[in-house]
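Q: Spelled out, the chains give:
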Amino acid sequence: MSEIDPAVALRAKRGDEQAFIEVVQFYYPRCLRFARNMLGSDQDAEEAVQDAFVRVHDSFGRFREDARFDPWLFRILANRCRTLLARSRRHRSLIEYGEVPLSAAAPAEDFGADWAEEVRMVLDTLPAEQREAFLLRHVEDLSYEDIAAATGVGLSALRMRVKRACDALRARLTEVEQPNDR
Amino acid sequence: MIDETDELIQRAARSLKALPATNPLANARIIAAVRARRAQTPSRIVQVAQWMREPTLSAASAAFLAAAALVVGFVAGGALRTADGTSPEIAATTERPVPPGPAPALSAANTHGDVAVALLFEARNAKSVAVVGDFNNWDATSSPMKRFGSDGPWTTTVRAKPGRHVYAFLVDGTTVVADPRAPRARDLDYGGDASVLMVTTP
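Line by line, the protein sequences give chains A and B. Under my numbering, the first residue of the first sequence carries the number 1, and numbering increases by one thereafter. Under my numbering, the first residue of the second sequence carries the number 1001, and numbering increases by one thereafter.
In case anyone wonders, no lab produced these hints; they're calculated from the structure. Keep in mind that the hints are not guaranteed to be accurate.
Said to hold, decoys possible - Selected chain A positions facing chain B (in silico; Cβ < 10 Å):
#1 Arg30
#2 His57
#3 Asp58
#4 Trp72
#5 Trp115
#6 Arg120
#7 Glu129
#8 Phe134
#9 Val153
#10 Leu155
#11 Ser156
#12 Arg164
#13 Ala165
What the hints assert, rightly or not - Quick list of the computed label-pair ranges, beta carbon to beta carbon:
#14 B:Asp1134 x A:Glu65: 29 to 35 Å
#15 A:Gly154 x B:Arg1186: 31 to 37 Å
#16 B:Asn1125 x A:Glu175: 32 to 38 Å
#17 A:Thr174 x B:Thr1175: 42 to 48 Å
#18 B:Pro1183 x A:Arg170: 49 to 55 Å
#19 A:Gly15 x B:Lys1127: 29 to 35 Å
As the list claims (entries may be wrong) - Here are the computed lysine to any residue pairs in the SDA-like style, where the Cα-Cα straight-line distance is at most 25 Å:
#20 B:Lys1161 x A:Val8
#21 B:Lys1017 x A:Arg64
#22 B:Lys1017 x A:Asp114
#23 B:Lys1017 x A:Glu17
#24 B:Lys1017 x A:Arg172
#25 B:Lys1127 x B:Arg1164
#26 B:Lys1146 x B:Thr1157
#27 B:Lys1161 x A:Gln43
#28 B:Lys1146 x A:Gln43
#29 A:Lys163 x A:Asp146
#30 B:Lys1017 x A:Glu175
#31 B:Lys1017 x A:Arg170
#32 A:Lys163 x B:Lys1146
#33 B:Lys1017 x A:Asp146
#34 B:Lys1017 x A:Pro29
#35 B:Lys1161 x B:Pro1180
#36 B:Lys1161 x A:Lys163
#37 B:Lys1127 x A:Lys163
#38 B:Lys1146 x B:Ala1118
#39 B:Lys1161 x A:Ala19
Note that the Cβ used here is the ideal one computed from N, Cα and C, for glycine as well.
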């Protein structure tokens, strides 16, 4: 996991527009990945990410200069995703989602499309708070302490959410896994 | 980082880790939204680059833009040549006669080594057009184009360092259009259309 140079975040906080542009360019792919995984909709994800960055800009005055930027950014983004989830109760189009060109700056492995889609479908069935905790922990690789800072949820509750998410994923994926998936 | 999961969960997590491609236009929309917020807040000082403060289009500057469009066509490469060997930029400029006047320098490098390049685009029904490119961080607010006359082509001047650049026109804030007069960029990592601009030192 990489974090932006704290000096850049600091410059952005102090009003340096070029630094803010660097922040956006640095975090946009990760933010969009998280929002897509949370919302299952490309359009909603882009909206959430844009809203999050605008709020980052508006709220920079409250960002402590000795704090780490990642948890703060993901706190704002997760809030935006929760708001969109609450606002939009419609069913997400998994077909549309599957067509999103994840041209992958860094796909570590060549997963079959069926497997990846299955994972997303199972993820979609999880309660939002479990999905959020699982994604922050195991996809965005935040520490539990950082997730606690980002979500405002206690460590033990977070560990339980992640465990339940893993249990559900394991149960469903074991059912659908094919021998030649690997 | 995964510590309490088995191999199945690790594989599931990895399948979700593919990063979306960088999307300069989405980034540009974010920056534009932030700038719009700043514009609504008088207490904030918005830094504006000197080159963005374009003078009102005068006869002389119109001549400059029209002439500079020829330069763009020249530096953009041989692909611009039409079947009969003429340049489409020449056709574009003769379609709307250039007012007479002294021709200023076509381009000039500033102290940072940036070169001013005039761009021209035909979109008669557009309400607004902006240039977005790697030279302005794909910022839709950085390089708005102005109409030449009441229904003429859209023009603006951008500054870019010598070398190869990728750009496009953003029409009415929503539609991205490649420059029909320039070679098409083929190495983008996102789905938009864009063109290639080769900038040379004047």
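Q: Sort out whether A:Asp146 lies within 25 Å of A:Lys163, counting only the CA atoms.
A: holds (17 Å)
Q: Below or equal to 25 Å on CA atoms is what counts here, so check B:Lys1017 against A:Glu17.
A: Outside the cut-off at roughly 29 Å; violated.
Q: Are the Cα positions of B:Lys1017 and A:Arg64 separated by 25 Å at most?
A: violated (29 Å)
Q: Is the interface hint satisfied for A:Val153? The criterion is a beta-carbon contact with chain B at less than 10 Å.
A: Interface hint status for A:Val153: violated (17 Å vs cutoff 10 Å).
Q: Holds or violated: the hint that A:His57 contacts chain B, with Cβ atoms closer than 10 Å.
A: Because about 5 Å separates A:His57 from the closest Cβ in chain B, which is inside the 10 Å limit, the hint holds.
Q: Verify the proposed pairing of B:Lys1161 with A:Ala19, using a straight-line Cα cut of 25 Å.
A: holds (20 Å)
Q: Starting from B:Lys1146, check that the Cα of B:Thr1157 is at most 25 Å away, please.
A: holds (10 Å)
Q: That 32 to 38 Å hint for B:Asn1125 and A:Glu175 (C-beta), does it hold up?
A: Check failed, 55 Å falls outside 32 to 38 Å.
Q: Between the alpha carbons of B:Lys1017 and A:Asp114, is the straight-line distance 25 Å or under?
A: Roughly 16 Å separates the two Cα atoms, so the pair holds.
Q: Hinted pair, alpha-carbon criterion (25 Å max): B:Lys1146, A:Gln43. Please report holds or violated.
A: Distance ~31 Å between B:Lys1146 and A:Gln43 Cα, so the pair is violated.
Q: Taking 25 Å as the top limit, are the C-alpha atoms of B:Lys1017 and A:Pro29 close enough?
A: holds (10 Å)
Q: Does the structure keep B:Lys1127 and A:Lys163 at a Cα separation of 25 Å or less?
A: violated (54 Å)
Checked against the numbered hints given earlier, the structure breaks hints 4, 7, 9, 10, 11, 12, 15, 16, 21, 23, 25, 27, 28, 32, 36, 37 and satisfies all the rest.
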